[in-house]
Amino acid sequence: DGGITQSPKYLFRKEGQNVTLSCEQNLNHDAMYWYRQDPGQGLRLIYYSQIVNDFQKGDIAEGYSVSREKKESFPLTVTSAQKNPTAFYLCASSHPRGSRQPQHFGDGTRLSIL
Amino acid sequence: ELKVEQNPLFLSMQEGKNYTIYCNYSTTSDRLYWYRQDPGKSLESLFVLLSNGAVKQEGRLMASLDTKARLSTLHITAAVHDLSATYFCAVDRDDKIIFGKGTRLHILP
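One line per chain: the protein sequences are F and X, in this order. By the numbering used here, the letter at position 69 of the first sequence is numbered 69, and the numbering carries on one by one without gaps. By the numbering used here, the letter at position 87 of the second sequence is numbered 87, and the numbering carries on one by one without gaps.
Source of the hints: derived by calculation from the structure; they are not laboratory data. Backbone N, C-alpha and C define an ideal beta-carbon position, used for all residues, glycine too. The reader is advised that the hints may include incorrect statements.
[Claimed, not checked] Taking lysine-lysine pairs in the DSS-like style, the calculated list, with each CA pair at most 25 Å apart, reads:
id, chain 1, residue 1, chain 2, residue 2
1, X, 96, F, 70
2, X, 17, X, 68
3, X, 56, X, 101
4, F, 9, X, 101
5, X, 101, F, 71
6, X, 56, F, 57
[To be verified] Cβ-to-Cβ under 7 Å is the rule here; a few derived chain F residues that face chain X:
id, residue
7, 8
8, 10
9, 42
10, 43
11, 102
Sequences and hints are given; from them, build the entire structure.
This is the structure we're talking about:
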């Protein structure tokens, strides 16, 4: 079955440590996105990518980095510069804009500080 | 800058009642999405609305779009407990999809 796989499901970060969240999709989608969700809040866009080897900052990109070397993969690194990383991180993918299809979401990674 | 506002943000209602969730957005867009999220879970797509006057229905949920008013509504008919969840609207502009803060719906048996 096609879908989006995020791993790990739970992740703990120590002070000063960078951690990387994995997102893989086998839906053949061109576009991929990373969102952050805080308790009781909506989703805020961190980074997005419409095509391989290209990505753009979203509304809250500071303290995060991404890469898009393969169509299927869009990993997110939470750097030590992100001082408040505790949140639920959701990865999504979609066809290009013209297809008018909704985003598909992974099951999320819950990140906490040790 | 595109802003998406939902109201109410929290709604507690009795089973069997009808209610409407509102989604306003600040700039023009030609597509609007509604999603459902259960506690601790991911988002599930409910509706995609693509044009002015679009109306879509699935079970007890009906969504509509008025692009001139920049308003979408999600109407719940004869609510049942299984519809308890958080509902998000999202608007697509310039390759970015911006979400509202969500409406947390709690349906009392």
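Verification of the hints:
no., hint, verdict
1, 96(X) x 70(F), "holds, 20 Å"
2, 17(X) x 68(X), "violated, 29 Å"
3, 56(X) x 101(X), "holds, 22 Å"
4, 9(F) x 101(X), "holds, 23 Å"
5, 101(X) x 71(F), "violated, 30 Å"
6, 56(X) x 57(F), "violated, 33 Å"
7, 8, "violated, 15 Å"
8, 10, "violated, 11 Å"
9, 42, "holds, 4 Å"
10, 43, "holds, 4 Å"
11, 102, "holds, 4 Å"
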